[in-house]
Amino acid sequence: MFQETALSGQITFFQKLRSLDYILLLCILILGLVSSLSMYSTEGGEILYHTKSHILRFLVFFSMMLILSFVNLKFWHSTGYLFYFVVLCLLIWASLYGVKASGSQRWVDLYFINLQPSELMKVAIIICFAKFYHRTQIHTVNSFKNLIVPIVILILPILLVVSQPDLGTSILIGLSGLVVLWLSGVNAKYFIYSSLILFISLPFIISFLKPYQKSRILTFFNPDRDPLGAGYQIIQSKIAVGSGGLSGKGFLKGTQSYLDFLPEKHTDFIFTLFSEEHGFIGSVLLLLLYAIIIYRTAKIGASARSFFGKLFCYGFASSLFIFVTVNMSMVLGLLPIVGSPLPIMSYGGSSMLATMIGFSVVMSTKIYQKQIIA
Amino acid sequence: MINFSSDTSYRKQSVVSRRMFILSAAKLLVFGGIVAKLFSLQINQNKKYLTLSDKNRLREWKLPPIRGDFQDFFGNIIAGNLKVYQLHVIPEQVENFNNLIVRVKDILDLDQKTLNKIIKKKNSQKPWETLIVSENLSWDQFVKINFYLHELSGVKPVLSVARSYPYNENYTHLLGYVSQASQNDLVNNEEIKKKHVPGLRVGKIGLEKSLENELIGMNGVQRYEVNAFGKRINQIDHIEGQKGKSIKLTVDTKIQQKCNELLKDKAGSISVMDVYTGDIIAMHSSPSFDPNLFLYGISYKNWENIRNNPKKPLINRSITGLYPPGSTIKPIVALSALENNIISTKFKVNCSGKIEMYGQTYNCWKKKGHGVVNLRDALKVSCDTFFYEMSRRLGVDRLNETAKKFGLGEKVFKNLFNEEKIGLIPSTEWKKNVLGRGWVLGETLITGIGQGYIQTTPLQLCLMTAQLANGGFKINPKIIVNKNDPTFEEIKSKMSENLEKIIKGPDFDDALLDFKITPNKNNGLFKPLFRNQENVKFVLDAMYASTNEVRGTSYSSRIKDKKYQFAGKTGTSQVKRITEAQRELDLDISQIPYEDRDHALYVAFGPYKNPRYALSIVIEHGGSGGSAAAPIAKKLFKLIIDRHEEREKININYNNLQT
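In the order they appear, the protein sequences are chains H and S.
So for the first sequence, the numbering used here puts the first residue at 1; every next one is plus one.
So for the second sequence, the numbering used here puts the first residue at 1; every next one is plus one.
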């Protein structure tokens, strides 16, 4: 059925180069360009610190991604647990000796970069689960041991990130993990039961939240509760998006962001700025760009022969989808405000690094799609 | 084993593919939801959010409107706007307000009290509203502030305008004054509320208050784009305000100033009126005060001075001062008696100094009596005995009718001044309704010499005199120049036209009936107020005698020159009932306490041959009309007549403009 050469893993460099997914790469490049222009706009049409470092990071991490794409998929498979473990250690380090900023301790000072391990965990958890389920037999997926271990793997980083405190990222890590668990065949009833339990225990969880987190959730249900305090961000964000109209106010002409009404405009609210300047058409096109990226990633997964590669691609595509929708829903007022960057668009090195690592695994899967990992 | 493994592997693959398929369907749904939300925000609710965004970014600053001027008849500005240097601060643009204000205090050398006031004011307004630190910087202060400006960020020295009254106390009661709008002003006047900005000045009394809505003008608007912190980024729009309407008055500043001078140190009022056009030439109440004092909030000391002055400078005596007219009412009493055919001009009374009637003694002002007098003599020497007898025959109700016709007992300016008083012309009906008691005949007698219940304002007396002087026609008293008002010539011809109608009528009484039936829209303007003009002419001649013939009460104040010759009637109204004993004493004026002294009154018109102006003079507690009031008329009339020529020149220009 299959050609021997492919199976043996002896692929020439040019074959590898040819088998790269160029549509995906192009989409990522376009996204990089759009994000750089948006960053330029957040700074009022000047190339300042944020724009410079964003472009630099994009170029560095994109090149890194291209190089890492040629690494054999087996490498990712064999270092799956190690990667997870290293990131977990970084998380512990962050919570012990991390850099404090605006009330939370999220960063690890690595001298050349301030790393946010929780962002890397978003990818690490997928690789880890992909490796775990690669080994697991289908009929043992729902066994007690095979349920407890992934839950522990998932709970540990979530607890660490929550304690930073960083509710947004921990929810996103949880969602990324859960989506892989779902894909790998964990019985649907467990999801139903646990979501029921979560729903019932929600009031108790809320009572443990910090006051600012509580007020964010209350604000979500009624933004006018405190229009100059907790509700300010969401109200101003909706005004910005809504005033964009069909075709937007034009590049560099978003008054809401230019006049500083938008908070966090270069990180979590970058989509608001984009939407204000480019309107409904621009927003839908951006959403389409993300849809293509997610689709191409999933498509690579579909044609991968190794279960590790397939599960990773499906998982990564799904978590990308989650990050994009959570961020957009948040700025459009569909979800409460939780810190969640828009992949590649938002300013932030760790998030960009994690996303690029994810893409390099995806590319590697594409190059080695016919390889079977024992 | 291999088979098994490949089988499970295949099953694993199919599970993951199936679940990915379900997930992808869910993803499409969620993306659809996001697009729907985008659509609803950006397309459906675009208008709403666009307005909200503009509301966010645009902020308007209302600028104070510039108040309209007041001009006198010759175009001199009598209430205008003066350029002033002010110091403004917008608190939200200042990093540390407290430091800044202390620094400003040092530079301007302000005292602690002023500083506290400024801080209180700052706390009461919104942080982006302009705070006026000083409304009237001296040139030195202005220069000093500009010198230190670089270290006072957020402070703005501004060139602004403020009300000024160049003639100080001369027009105070007429124009009123402006001061900061109070809460009351905002509640009572929509226009003020609409145009209010911090520091806005509005009229408090007088014409400044009555004509507020015309004077106030339109606010200018500055529209700025601001950022989230309220900092002005750039100016989008500047709409120029509109200056309020300039209002031209009929008054003559020269004459007004002369009135002020003549009334110096006296409490009283002078009013001068054109007997045809009804133009108020001057209207002054004394003592007065400087309205400029109220502009920046009057100081406690100044306010106490004004308030505690026993002569009460705050009262506008010309229209709110109520005085018994005394003998100045006699021309009307005489006219009423003639008009009602009570007596003929030949009727004579023997005055012995007093008359016994209804069991009481009524005294003539002259203890020795005037002897036998006829009507003309009675007016000339102001014989009270004659008027007691004549009033007794006339009756108070007929007198009331004539007096009201000539403008007593009602407001001279209908609604122009809130504070204007109506006065009181008694009648039997009035006493029954208001006091609940029947009229006593003795009261008719004292009403006939202008004492008792009767009360008039100085301006009413002026109008009365004017309407006699023009031959007995109703005129329209006015103080604001209106280009559509009829000119002297038009009025004169209208009057003679109306006179013809009476003469041509088959019978006097029928003609009068005719006037009553036809409803005339002008309220009988320029219509005769008499039945027989001969009666009016008789009264005017008697007034001439009173001033220009020997033994007349104001003979000593006469002017011989025909050009300036005037005719008038003195009045001395009692403030207190005098007992017989006091009467015997015959005290000199300086021996009576000020509050008990008589009011001196004088009404006059001139030039006698062709009367154009009427005046009334009231000197509160001034003594007798002949000695205190009439000499003032003599000093004033020369100027009034001289100014007439100047006035005519303006009128001619006016008429040329119209054609």
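Hints listed in this document are in silico derivations from the structure and should not be mistaken for laboratory results.
Incorrect hints may appear among the rest.
[Unchecked claim] In silico BS3-like links for lysine-lysine, alpha-carbon gap of 27 Å or less: (1) S/Lys231 x H/Lys253; (2) H/Lys253 x S/Lys47; (3) S/Lys144 x S/Lys55; (4) S/Lys62 x S/Lys264; (5) S/Lys37 x H/Lys214.
[What the hints assert, rightly or not] The following label-pair restraints were derived from C-beta to C-beta distances: (6) H/His50 x S/Tyr10: 45 to 51 Å; (7) H/Leu33 x S/Asp54: 39 to 45 Å; (8) H/Ser195 x S/Ala25: 16 to 22 Å.
Even for Gly, the Cβ is constructed at its ideal location relative to N, Cα and C.
These are the hints, each one checked on the structure:
no.	hint	result
1	S/Lys231 x H/Lys253	18 Å, holds
2	H/Lys253 x S/Lys47	18 Å, holds
3	S/Lys144 x S/Lys55	38 Å, violated
4	S/Lys62 x S/Lys264	44 Å, violated
5	S/Lys37 x H/Lys214	25 Å, holds
6	H/His50 x S/Tyr10: 45 to 51 Å	50 Å, holds
7	H/Leu33 x S/Asp54: 39 to 45 Å	31 Å, violated
8	H/Ser195 x S/Ala25: 16 to 22 Å	19 Å, holds
Against the hints set out earlier in the document, violations occur for numbers 3, 4, 7.
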